[in-house]
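**Student:** Below, each chain spelled out in residue letters.
Protein chains: 6
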Amino acid sequence: MTTAIYPGSFDPITNGHIDVLNRAARLFDKVIIAVLTNPSKKGFLDYETKLNLIRESVKDISNVEVDSFNGLIVEYAKKKNAQVLVRGLRAVTDFEYEMQMAQMNKNLSPEMETLFLVSNTENTFLSSSIVKEVSMLGGDISKLVPESVNNYFNNLNREI
Amino acid sequence: MTTAIYPGSFDPITNGHIDVLNRAARLFDKVIIAVLTNPSKKGFLDYETKLNLIRESVKDISNVEVDSFNGLIVEYAKKKNAQVLVRGLRAVTDFEYEMQMAQMNKNLSPEMETLFLVSNTENTFLSSSIVKEVSMLGGDISKLVPESVNNYFNNLNREI
Amino acid sequence: MTTAIYPGSFDPITNGHIDVLNRAARLFDKVIIAVLTNPSKKGFLDYETKLNLIRESVKDISNVEVDSFNGLIVEYAKKKNAQVLVRGLRAVTDFEYEMQMAQMNKNLSPEMETLFLVSNTENTFLSSSIVKEVSMLGGDISKLVPESVNNYFNNLNREI
Amino acid sequence: MTTAIYPGSFDPITNGHIDVLNRAARLFDKVIIAVLTNPSKKGFLDYETKLNLIRESVKDISNVEVDSFNGLIVEYAKKKNAQVLVRGLRAVTDFEYEMQMAQMNKNLSPEMETLFLVSNTENTFLSSSIVKEVSMLGGDISKLVPESVNNYFNNLNREI
Amino acid sequence: MTTAIYPGSFDPITNGHIDVLNRAARLFDKVIIAVLTNPSKKGFLDYETKLNLIRESVKDISNVEVDSFNGLIVEYAKKKNAQVLVRGLRAVTDFEYEMQMAQMNKNLSPEMETLFLVSNTENTFLSSSIVKEVSMLGGDISKLVPESVNNYFNNLNREI
Amino acid sequence: MTTAIYPGSFDPITNGHIDVLNRAARLFDKVIIAVLTNPSKKGFLDYETKLNLIRESVKDISNVEVDSFNGLIVEYAKKKNAQVLVRGLRAVTDFEYEMQMAQMNKNLSPEMETLFLVSNTENTFLSSSIVKEVSMLGGDISKLVPESVNNYFNNLNREI
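Protein chains in written order, with my numbering: chain W, -1 to 158; chain E, -1 to 158; chain V, -1 to 158; chain H, -1 to 158; chain A, -1 to 158; chain L, -1 to 158.
Read the hints as simulated data drawn from the structure, not as lab findings.
Values in this document were obtained by computation on a predicted structure and should not be read as measured data.
Please note: incorrect hints may appear among the correct ones.
What the hints assert, rightly or not - Below 35 Å or equal to it, Euclidean Cα-Cα: the simulated DSBU-like pairs (lysine-lysine) are:
(1) A:Lys76 - H:Lys57
(2) W:Lys39 - A:Lys76
(3) E:Lys130 - L:Lys57
(4) E:Lys141 - W:Lys77
(5) W:Lys141 - H:Lys104
(6) E:Lys141 - A:Lys141
To be verified - Derived contacts from chain V toward chain E, CB cut-off under 8 Å, selection only:
(7) Met(-1)
(8) Thr1
(9) Leu25
(10) Lys78
(11) Val82
(12) Leu87
(13) Met97
(14) Ala100
(15) Thr112
(16) Leu113
(17) Leu115
(18) Glu120
(19) Asn121
(20) Val132
As the list claims (entries may be wrong) - Covered stretches of chain W (in silico footprint by chain H; criterion: 3 or more residues with CB under 8 Å from a CB of chain H, positions within the stretch not fixed):
(21) 15 to 25
(22) 39 to 53
(23) 79 to 91
Glycine is no exception: its CB is placed at the ideal position from the N, C-alpha and C atoms.
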C-alpha cells in the first residue's frame, strides 16, 4: 500500500489544492492532507478552522485523511508509513522553493520521494494569499475556493 | 475617451514609475495614478506624503490625475470609468506576481484590461525598496527619484 | 487616432493570438495584425496561407487589418503611422525575449511603445509550435485554434 | 496495478535519467521507459542504439520495460494501460516546457496524470546534450552516464 | 594587491558560504568576510555570535579577515581599499536580486566590481533560512554547516 | 600571476562583450579572449573575421591577448596556465545555461574557477544574434558594437 502526504499551510484551502488532492487520491491508496501547525508560523486562520474547512471540502473523497503535524515533515511521514510527499507546482518562484525543500527532505530522509503535480490551467494563478486579499477587500471568491471556505469568509466579512 | 489607471504603493515614487507614467500618458486620454491606502499594508511613507511627492513630480504632465483608493482595484476602476490598468514590468519575479494579479482582476471584472509597459533599461534594476535602503544608509538617490522625493529623503536623513 | 500593430510569425494563428487581438481591438482605433515574411525565417506554412487563415479568423472584428511585412518592425510601424506594438506574454522565457526586443525597438525608435497583453489562463500554455506538433501526430486541435486553421490542418493530415 | 510511462528522447540516457527511473520504479508497479521515434526529430543516436544502451543500463531494475513509440504520448499510454507520465525536472526552462506539455496532454486526455520527479543534486546540471558535447571534445563522461553509454561514446571517439 | 569583500548576513554561515569563500581566497590576495550589522535588519543570531561562528569556521584560511560593517557596502569597501565584491549564486530569484544590487552598487561606485561565484552542486539548494528551520524542528544539520555552527545550534536546541 | 580566459563565439563581438572584457582586464594580470572554433558550431562570421574584428576592438587594452581554441575549454585553459574563466550574465536563460557549463567545467577540472561579471544596464538586452538581425534588416547598430564591427556589417549590407 502506498501512502502519500500532501503537506501545507492551507490558509485557506483553495480549488487549486482540491484539484491536486483529487489527482493524488486517484494515484495512491491513501492520501493524508496534513496541516502544518508550527507555532512560529502563524497564519490568518487558526489551525482548528483550517482543519474544519478542509474536512468539509474533502468529505466526498474516500481515501483522504485530514491531519495536522508539527516538526519535520519527513519524521511525520515515517510515523505515518508514507513513502511519498505530494506538492503542487504553479510558477517559477514556487518551483525554486519546492526544489530546495525537496532536496533538503531527500537529504534528511533519502528513501522519501517528492512528487510534483500540476493543477488545471484555471488554477495556475490561484493562491491562498490572493484569495484572502480579494475576500478582505469585498471581492467574490466563490469560484476560487470550496463552498465551506467561501461561507466562512463571507461570515467573517459580515462580522467586520 | 480611454481612461487608464496606474495603481501602486509608490513608497516612494521613482524615476521608473515616472517613465511608465509618461508612456501611458502618451497613449491614453487620461491616466489616474492611484495610491493604494489599505490600512493593512502600511508603507514607510504615510499616504498623504506619497500623494504630495507624486503631485509635485507629475505636475508637468497635463492628462494625469493623482488619487488614492482602497478596496478592490477593479471596483475603483469602474467608479472612475477606466477600462485599462497599467503596470510596469522589470524582472521575472515581478512578471509572475503581475500575471497572477492580472488574471485575478480579469476574473473579477472580465472587461478590464491589464497592460504591461517596459521602462527604460537604466530603470530595469530600480525599485522603491532599494531607493529607501540606499537613502537610509546615506547613499545618493538623486539620479533614481524625482527631485521632490530626493529632497524629502535628504531632509529625513538630516533630522535623524 | 491610435493605431497598434500586432506583429508575429503566426505559424499558425492560435486561439491565444485571437484573444490578444480582440483585447487590442477594444483598446485602439485600429489594429494591424502583421505577418513577418523575412525570407531567412521560413515557417511551416507559407505566408499566403498564413494570411488567408488569419483573414478568415478575424473577419468579424471590424477594426482589424491583416497585412504582412519584412524588414524592421519599427520602420514598418512608422510607414503605417502606428504608435504602438502589441505583444502577448505567457511564460518567463517569452518575457525575457520580449523584453530584449522591446528594448531594441525603443533603441531604434524611441517614440514607439511596446504594450504587453496577457491572454486568458486557458491559453497560458498554448503555442503555435505545440499546435503543429499535436496536429502532425494526429491529435485534435479544434479547441486550440480558429475553425479555419483546424480545417486546414485536418486537410493536410488527410493528404499525407 | 499502476503503470507509469517515462517518455523521452534519451539521446543518450544519462545518470540523471537512471536516477528518475529508479525513483519511479519504487513508486509504481511497472514503469515503461519509452523512446520517442518520430522521424521529424532525428537525434544524434539512431533509435536502435538508444534502445540497446537503455536496455543494458536498466537490466537490474525488475519492473522496468524498455520500448519505443511514435505519435501522441497520450495515445501510446492508453494502449499500454498506463495512468501516469513521469518526467524529471531540473531548471526553470525545463519547468516551463514541461508545464506546457503537461497541460496539453491533460487537454488531450484528461484522465492522464503527469508527475514530476526531482533528480539528485549532482544531476541538476546534467543533460544529454552536454554529455554529447563533452564527449565529442574528448572529455571524460564516465561519471555522467551508465557504463554502456560511456563505452559506446569511447568507441565512437576512437573510430573518428 | 587585490582585496575582495564577501558581504552578507551569515545567519548562520553555511557550507555553501565556506565554499564560496575558499574559492575567493584562491583568487585574491585578501578576502574580507563582512557581516552586515544594520540595526533595522535583525537576524536570528546576534552579530557577535555570527562573528564568532565565522571566525572558528575560517581559521584555517590564511588570507581571510573577519569583520562587520554597517552603512553602504561600497563605502565600507572604499575604506578597506577593496576593489571587488564577491557574491554566491544559486537560484533564479537570487540572480535577480543580486543583479539589482550589483547595478545599484555600480551606480554608487562605478569602479567597484561585483563578481559572482557558483558553489558546488551539493550546495545549490542550501540556505541559511533552511538550515535554521531544519535545526529548530530537530533535524540534523551537521552536513550543511561548519562544525562550530552545528555545535551552537545543538546547544540551543538542548536549552529549549 | 593570475590569467583569466574569456571564451565565447563572439559572432560578432558587441559592446556588452567589450564591457565585460574591460572589467576583467582591471581585475586580472592577463585576460585571453578566446574564440571557439569547433567546426560543428558554424557561426555567421568565419573565425578569421571574428578574430580581426576583436583585435581591432581591443587594441587599446594592454593586458588582453586575442586567441582561438577548439576542444574543451578546461584543457585550453590548462595549456595557457589560466586559473579563471570569465563569463557575462544578462538574463535568466543565460544564467541557467551558464550554471550548467560552470558545473560541468568544475567536474572536468575542479581547480578551475568560473567568475560571472555583470555588464552595464544599457547592455542588459544586447546579444550577438539581435545585432545580426537588426543589421541584416537595415537597422543602425553603431551604438551596439565596436566601430570595426559596425563598419564590417555596413560593408556587408552594401554588397548585398
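**Student:** For each hint, tell me whether it holds in the structure or not.
**Tutor:** Hint by hint, here is what the structure shows:
{"no.": "1", "hint": "A:Lys76 - H:Lys57", "result": "violated, 62 Å"}
{"no.": "2", "hint": "W:Lys39 - A:Lys76", "result": "violated, 40 Å"}
{"no.": "3", "hint": "E:Lys130 - L:Lys57", "result": "violated, 42 Å"}
{"no.": "4", "hint": "E:Lys141 - W:Lys77", "result": "violated, 58 Å"}
{"no.": "5", "hint": "W:Lys141 - H:Lys104", "result": "holds, 21 Å"}
{"no.": "6", "hint": "E:Lys141 - A:Lys141", "result": "violated, 46 Å"}
{"no.": "7", "hint": "Met(-1)", "result": "violated, 12 Å"}
{"no.": "8", "hint": "Thr1", "result": "violated, 12 Å"}
{"no.": "9", "hint": "Leu25", "result": "holds, 6 Å"}
{"no.": "10", "hint": "Lys78", "result": "violated, 16 Å"}
{"no.": "11", "hint": "Val82", "result": "holds, 7 Å"}
{"no.": "12", "hint": "Leu87", "result": "holds, 7 Å"}
{"no.": "13", "hint": "Met97", "result": "holds, 6 Å"}
{"no.": "14", "hint": "Ala100", "result": "holds, 5 Å"}
{"no.": "15", "hint": "Thr112", "result": "holds, 6 Å"}
{"no.": "16", "hint": "Leu113", "result": "holds, 5 Å"}
{"no.": "17", "hint": "Leu115", "result": "holds, 7 Å"}
{"no.": "18", "hint": "Glu120", "result": "violated, 11 Å"}
{"no.": "19", "hint": "Asn121", "result": "violated, 11 Å"}
{"no.": "20", "hint": "Val132", "result": "violated, 24 Å"}
{"no.": "21", "hint": "15 to 25", "result": "holds (count 3)"}
{"no.": "22", "hint": "39 to 53", "result": "violated (count 0)"}
{"no.": "23", "hint": "79 to 91", "result": "holds (count 4)"}
In summary, the structure is inconsistent with hints 1, 2, 3, 4, 6, 7, 8, 10, 18, 19, 20 and 22 from the numbered list given earlier, while agreeing with the others.
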